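With these hints in hand, go ahead and build the complete structure from the sequences.
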Amino acid sequence: MSALELRGVTKTYGAGAGFVQALRGIDLTVEAGAMVAVMGPSGSGKSTLLTIAGSLEDPTNGEVLIDGTVLSGMSRNAKARLRRRSVGFVFQEFNLLPGLTAAENVSLPLELDGTGARAARAAGIAALEGLGLGDRAARFPDELSGGERQRVAIARAVVGERRLLLADEPSGALDSVNAEEVMRLLHEACKRGVAAVVVTHDAQLASWADRVVFLRDGRVIDQTAPPPGPESLLGAAPGGRPPGSHRLPGEGP
Amino acid sequence: MSVRHALLALLSEGPKYGLQLREEFEARTGEVWPLNIGQVYTTLQRLERDGLVESDGTGDDGPQKGFRITAGGEQELAGWLRTPPDLASPPRDELVMKVLVAARVPGTDVHEVIQVHRRYLVELMQQWTRIKEAEAESDLGLALAVDAELFRLDAVIRWLDSADGRLKRAAADPPRPVPAALPRLRRRVGARL
Chain A
23 MSALELRGVT KTYGAGAGFV QALRGIDLTV EAGAMVAVMG PSGSGKSTLL TIAGSLEDPT
83 NGEVLIDGTV LSGMSRNAKA RLRRRSVGFV FQEFNLLPGL TAAENVSLPL ELDGTGARAA
143 RAAGIAALEG LGLGDRAARF PDELSGGERQ RVAIARAVVG ERRLLLADEP SGALDSVNAE
203 EVMRLLHEAC KRGVAAVVVT HDAQLASWAD RVVFLRDGRV IDQTAPPPGP ESLLGAAPGG
263 RPPGSHRLPG EGP
Chain B
-13 MSVRHALLAL LSEGPKYGLQ LREEFEARTG EVWPLNIGQV YTTLQRLERD GLVESDGTGD
47 DGPQKGFRIT AGGEQELAGW LRTPPDLASP PRDELVMKVL VAARVPGTDV HEVIQVHRRY
107 LVELMQQWTR IKEAEAESDL GLALAVDAEL FRLDAVIRWL DSADGRLKRA AADPPRPVPA
167 ALPRLRRRVG ARL
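Chains as they are written, first to last, in my numbering: chain A, 23 to 275; chain B, -13 to 179.
It is worth saying that the hints were derived from the structure and are not from the lab.
One or more hints might be untrue.
[What the hints assert, rightly or not] Chain B regions said to be covered by chain A (calculated; three or more residues, Cβ under 8 Å): (1) -4 to 8; (2) 62 to 73; (3) 101 to 107; (4) 111 to 121.
[To be verified] So, partial list: chain B residues that the calculated Cβ filter (under 10 Å) puts toward chain A: (5) His97; (6) Glu98; (7) Asp125.
[Stated by the list, open to error] Derived, one-sided and incomplete: chain A residues facing chain B with beta-carbon distance under 10 Å: (8) Ser24; (9) Thr32; (10) Leu166; (11) Glu170; (12) His209; (13) Ser229; (14) Asp232; (15) Arg238.
Bear in mind that the values here come from a model prediction, so they are computed numbers and not experimental data.
Backbone N, C-alpha and C fix where the C-beta goes; we use that ideal spot for every residue, glycine too.
So this is what it looks like as structure tokens:
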């Protein structure tokens, strides 16, 4: 069972002269433990893909499955519950609530979902500790650095049993060293079993992913091959053979 | 990479033996630039001939011979560190040529050509990032060298992205005549076909 599956997803907005076809038949599967980056220019449909994958919007056609559950037949409330339990979001602007401490920000989604305050707080602290922020639990967002705020946002996205992490330019507001730290932590979360989709136009960030999918005009036009071991680069002559010359079966052109 | 100046840098920390110099050179550059042993000794001979290092003079040239930097060597090193490498004249870039040619070859989708190269570069970056993820926290030299490679590849991808967008826009707009003053510059950057 995949953590996320999109089957033939299309999305259109507006009508007549204002008609926009944002997604034109997207097939994408993300297994538990995998980090997939989605790259593409502005207007290629990256962010739309993410909001549909996270059930914040419905597709015009096609199916979205989260942990094997088909979303299309579900009520609005059932979808919201699934989203709270299974999906974490990370945005460029962190979106922390300024009046809550780091621990309260992280445990909030669990409390909204009906978890008792004490259990939610314990899970929140555990998530913060997992991201090296145990000593920042009682701080408010404005007492944290930009990098720390984004790590709190990641903790909030993976707290509890959530297994799907959707990130839109998660380190776009950070300098390159902090951006790298955010990607390193996201990739570590994936190694612990979380599935992640990271939307970015930055190749350095995308290169942290296990697989990079290229989006153009609402279509997946290409994706990277599984990388060979790192030994292939050390000692390799610059300009040598391409690292992968085959595509995954069933996806890409 | 200038082996000559790397050796001067290692000797600026204090006198060292030939073998030690080779080992430290490899450790500091994260094994990204492998060096053969002969290169170390021939370079040391030349440095000694030029008065930039002194040897203890005992025995043959070999792993056990000791070297120290001279005042002239220190001056040479300080000057080299502050001399910018020649980045002023654009290199004849093979990838740039391929994209320029692809835009003109009938029946060729230049955007497809660009994507082939973009995917290859992203795959290379994934491999470098894996090395950084696995090793670089404990090896500062390697982290710096891998970062340099990642930024270089990233710059090429950014150029491909911008070429992609520019060609897309140009396909919608008719080309404008080239101003008379530009041909020499165009030749210089290799844009003349």
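To see whether the hints hold, each was checked on the structure:
1. -4 to 8: Violated, because only 0 residues of the region -4 to 8 of chain B bring their Cβ atoms closer than 8 Å to Cβ atoms of chain A.
2. 62 to 73: violated (count 0)
3. 101 to 107: Holds: 5 residues of the region 101 to 107 of chain B have a Cβ under 8 Å from chain A.
4. 111 to 121: holds (count 9)
5. His97: His97(B) check passes; min Cβ-Cβ to chain A is 8 Å, inside 10 Å.
6. Glu98: Hint on Glu98(B): holds, closest Cβ of chain A at ~9 Å, below 10 Å.
7. Asp125: Violated - the Cβ of Asp125(B) stays beyond 10 Å from chain A, reaching only about 12 Å at its closest.
8. Ser24: Hint on Ser24(A): violated, closest Cβ of chain B at ~21 Å, above 10 Å.
9. Thr32: This hint is violated: Thr32(A) lies away from chain B, its Cβ roughly 22 Å from the closest one there, beyond 10 Å.
10. Leu166: 23 Å, violated
11. Glu170: Because about 19 Å separates Glu170(A) from the closest Cβ in chain B, which is outside the 10 Å limit, the hint is violated.
12. His209: This interface hint holds because 7 Å falls under the 10 Å limit.
13. Ser229: 4 Å, holds
14. Asp232: This interface hint holds because 8 Å falls under the 10 Å limit.
15. Arg238: Constraint on Arg238(A) satisfied, holds at 8 Å.
Consistency note: the structure conflicts with the earlier hints numbered 1, 2, 7, 8, 9, 10, 11.
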